[in-house]
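Let the hints inform the model, and build the full structure from the sequences given.
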Amino acid sequence: MSEQVPVGQPPDWEPRIVAFFCNWCTYTASDLAGVSRMTYAPNTRVIRVMCSGRIDPQFVLMALRQGADGVLIGGCHPGDCHYQEGNYKCLRRFAMLKHYLAAMGIDDPRVRLEWIAASEGDKVQRVTNDMVQRIKQLGPLKLEPVCQPGCRAMAGDQPSVGNRAVAADI
Amino acid sequence: MSQSPACPRIGVYVCHCGMNIAKQVAVEAVTEFAARLPGVAVARHYKFMCSDPGQELIQQDIKESGLERVVVASCSPLLHEATFRKACAAGGLNPFCFQMANIREQVAWVTADKGRATSKAKALIAAAVERVSRAQPLERKRLAVGDKVVIVGGGIAGIHAALTIADAGKKVYLVEREPTIGGHMAKFDKTFPTLDCAACILTPKMSSVKNHPNIELMSYSEVEKVEGFAGNFKITIQKKPRYVHEELCVGCGECVDACVFPKAKFPSEFDEGLALRKPVYMPFPQATPAVVVIDPNTCLQLTKGKCKQKCVEACQRGAIDLKQEPEQVEVEAAAVIVATGFKTFDPRGLPQYGYGRYGNVYTSLEVERMVNASGPTGGEVVLKDGAKPRSVAIIHCVGSRDKKTHPWCSRVCCMYSLKLAHLVKERSGADVFSFYIDMRTPGKGYEEFYDRLLEEGVHFIRGRVSHITDWAMTKAEEGKLVVSAEDSLIGVTRRIPVDMVILSVGLEPQPDAQEVRKKFNISCSQEGWFLERHPKLAPVATFTDGVWIAGACQGPKDIPDTVAQAGAAASEALALIDKGYVEIEPNTAEVDPEACSGCKTCLGMCPYHAIRRDEEKGVAVVNEALCKGCGTCVAACPSGAISQHMFTDDEIYQELEGILSYV
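Heads up: the protein sequence lines correspond to chains A and B, in order.
FYI, in my numbering the residues of the first sequence are 1 to 170.
FYI, in my numbering the residues of the second sequence are 1 to 663.
Wrong hints could be hidden among the right ones.
[As the list claims (entries may be wrong)] Sample of chain B residues at the chain A side, in silico, Cβ under 10 Å:
#1 C75
#2 R104
#3 V107
#4 R116
#5 A127
#6 L531
#7 M605
#8 M646
#9 S661
These aren't lab readings, by the way, just hints derived from the structure by calculation.
For each residue, glycine too, the CB sits at the ideal point set by N, CA and C.
In structure tokens form, the structure reads like this:
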């Protein structure tokens with residue numbers, strides 16, 4: 001790897017990236033990358049949702065809190081949504097989320113939204129590799145753990161009304 | 001790891017997929033890892049989980065070990081989720097108490113390092129195990145389906161599919177945007193490799209379409225809007241004004257003779273511009289429907305508003321109506337077959353071949369018309385000046401197998417070039433030089449046809465033509481078109497003077513393929529061809545249930561393959577109709593009336609109007625039949641009152657935890 005390792009970071013550290021991919025475009029594209037045997041960095045772990053419109057900004061926050069160093073969201077290109085406009089809803093929530101993340105001091109490249117069509121297996125490869133490289137330069141996210149893994153106080157059981165209200169307004 | 005006492009008993013099955021997974025992922029280590037995950041009662045690995053013994057393994061464990069949840073780590077859920085759900089059901093488990101971990105397409109096939117591939121596989125399996133522990137048993141809802149089919153495109157694919165479905169007793173709406181059906185095939189004289197006459201095999205099918213009681217032919221019409229879902233589509237079709245009442249016109253042609261233009265003046269689309277037509281015309285003698293059409297761009301009355309309207313007078317049946325307006329028709333359909341075909345490459349994009357600059361450089365489609373007995377020259381191969389050519393060059397791969405134009409092989413060009421070589425030789429006796437890169441003749445009787453052409457004395461030269469020029473360097477080249485190419489078999493550059501050049505143009509997607517695909521909510525490959533659900537196992541299905549594709553709109557193909565696809569698409573549409581119902585994936589949204597505040601935020605989120613507010617109770621209600629399961633409303637609900645089955649917040653948070661907590 002040609003990128004510089006930040007001071008204090010173990011040289012063999014690998015970021016963990018959670019990817020939320022929509023079923024119809026980006027998940028299919030990542031299957032296509034597989035069928036086409038396009039190798040890429042194994043740092044992403046994909047969670048399949050039916051539509052990028054399903055992605056609650058809290059999923060992203062939860063992923064970061066649980067120890068992800070970055071979150072990648074993949075949806076259909078504008079105008080291509082299988083459900084007509086779920087990706088637009090995703091985009092609006094993403095814009096709001098980015099403001100919130102910036103205020104929380106989370107670096108911009110850590111959370112990324114990409115439109116990847118079902119035929120763009122190569123884009124999955126390119127985006128993943130690029131994102132891994134950028135996050136490697138940033139180093140681990142090192143969020144202070146609020147509670148131990150397995151504790152679900154912050155998760156969906158009792159959503160905090162404040163965040164959800166913001167999510168709904170956009 | 002905390003584990004609730006009610007944690008269900010989970011079985012994990014890791015598939016080797018032969019060597020596909022096992023080569024990159026240490027399946028034994030992964031299985032041992034899985035066995036230690038909370039709730040896991042059984043963990044096994046097996047060579048092919050999708051095989052019968054693999055599926056029986058699951059069924060047996062459900063029965064003998066009392067499994068309540070199943071995880072299979074193998075290929076993509078888009079490939080085999082249905083298979084394993086059925087296996088679960090056969091074992092007596094609710095099919096939705098199942099989760100797949102995709103360790104083939106998203107791990108083994110894309111990860112170079114074995115150790116890291118194994119780690120990633122572990123993380124994905126942990127995620128699936130955690131998620132499946134929260135899965136709820138669900139039931140699929142059934143909805144009745146209609147029994148009509150809309151077929152878009154009236155080429156050979158659409159025609160064949162329409163006849164197949166109509167013969168099965170179902171109603172078909174065949175929508176064609178041109179004034180006649182027939183598509184590209186109607187323009188050909190002969191078809192390879194048998195050299196049977198295209199019209200002789202096509203036109204009977206065209207008239208069967210017209211006369212079939214179950215087919216409603218909507219020519220000169222385009223699909224405007226598609227609503228609904230598999231089994232219950234609502235399709236709006238716009239009938240373009242042809243300025244002739246189709247039901248009154250008998251195609252006698254009196255109006256054509258009467259037209260104020262004494263002579264045909266405008267290039268005929270059907271004859272590729274080689275012949276002329278009047279503003280009122282019949283595209284070709286066997287046009288179906290056999291009804292004239294008036295071109296709004298050339299008719300004097302329709303362009304300038306001033307004409308003696310002789311055509312109106314001439315028509316004794318009063319069929320001509322120059323005030324006709326576009327008409328919208330709404331039809332219901334259970335299934336849609338998209339068979340919109342292709343377009344040929346425009347060689348003006350390759351100026352070195354001189355198309356448009358030298359009169360005697362033709363495209364293959366123009367020559368198809370020329371050699372057609374009912375074409376502009378009555379089947380004679382002639383030069384622009386009317387003389388017969390003494391030598392003809394045919395250039396393969398124009399707009400194919402070239403990174404500057406299209407990288408793909410258009411599949412039909414070698415064969416139709418051979419056919420044209422034969423026909424040109426037969427009709428004109430000219431010497432034919434065929435310039436090819438590779439001769440591709442895979443098909444029944446195709447290689448034999450090539451052998452026949454070799455014996456007929458066609459000169460085959462292996463080499464891509466660099467340019468065509470009229471600049472003579474020798475006496476023999478004067479007044480000729482000189483074709484330059486490297487003959488790569490003998491390693492010399494050759495200049496061959498000929499009278500006529502035929503460019504074997506490749507196939508490309510229709511220019512409006514993107515708009516069409518959006519209308520039907522289907523995908524395109526990167527090249528712009530419509531994307532099939534699976535390249536091998538679902539070649540005519542799309543990612544949208546109830547919409548099938550057939551023919552060259554899916555990729556270049558010849559007539560036999562097109563007809564085979566049309567038949568396949570027709571039988572799949574019939575299967576849907578005969579089944580009588582569609583099963584709705586139970587991934588719909590549900591509102592918890594206790595938590596809903598009735599704020600109506602979700603109403604605006606739903607593109608299907610599936611949510612309404614029960615005014616009496618003051619809460620939102622989801623109509624399950626309309627909900628498509630995108631989950632957009634779930635993410636928007638400020639009260640967290642909406643959940644999506646199969647994708648609850650709980651399941652996703654649990655999956656997140658699994659994905660990050662162990663590896």
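Q. Given S661(B) was flagged as interface, is its beta-carbon under 10 Å from a beta-carbon of chain A?
A. holds (5 Å)
**Q.** Hint check, R104(B) versus chain A [nearest Cβ-Cβ separation less than 10 Å]
**A.** Hint holds; R104(B) Cβ to chain A Cβ min 7 Å, cut 10 Å.
**Q.** Hint status (Cβ of V107(B) to nearest Cβ of chain A, threshold 10 Å)
**A.** Cβ of V107(B) sits 7 Å from chain A, so the hint holds.
Q | Evaluation of the interface hint that places A127(B) against chain A, nearest CB under 10 Å | A | holds (7 Å)
Q | Hinted contact R116(B) with chain A - closest CB pair below 10 Å | A | Cβ of R116(B) sits 5 Å from chain A, so the hint holds.
Q. Hey, does the M605(B) contact hint survive, CB to chain A under 10 Å?
A. Nearest chain A Cβ about 6 Å off; hint holds.
Q.
Quick check on the hint: M646(B) CB to chain A CB, less than 10 Å?
A. holds (8 Å)
Q: Using Cβ atoms only, decide whether L531(B) comes closer than 10 Å to chain A, and label the hint accordingly.
A: It holds, given that the least Cβ distance between L531(B) and chain A is near 6 Å, below 10 Å.
**Q.** Interface hint compliance - C75(B) to chain A, C-beta minimum distance less than 10 Å
**A.** holds (9 Å)
In summary, the structure agrees with every hint in the numbered list given earlier.
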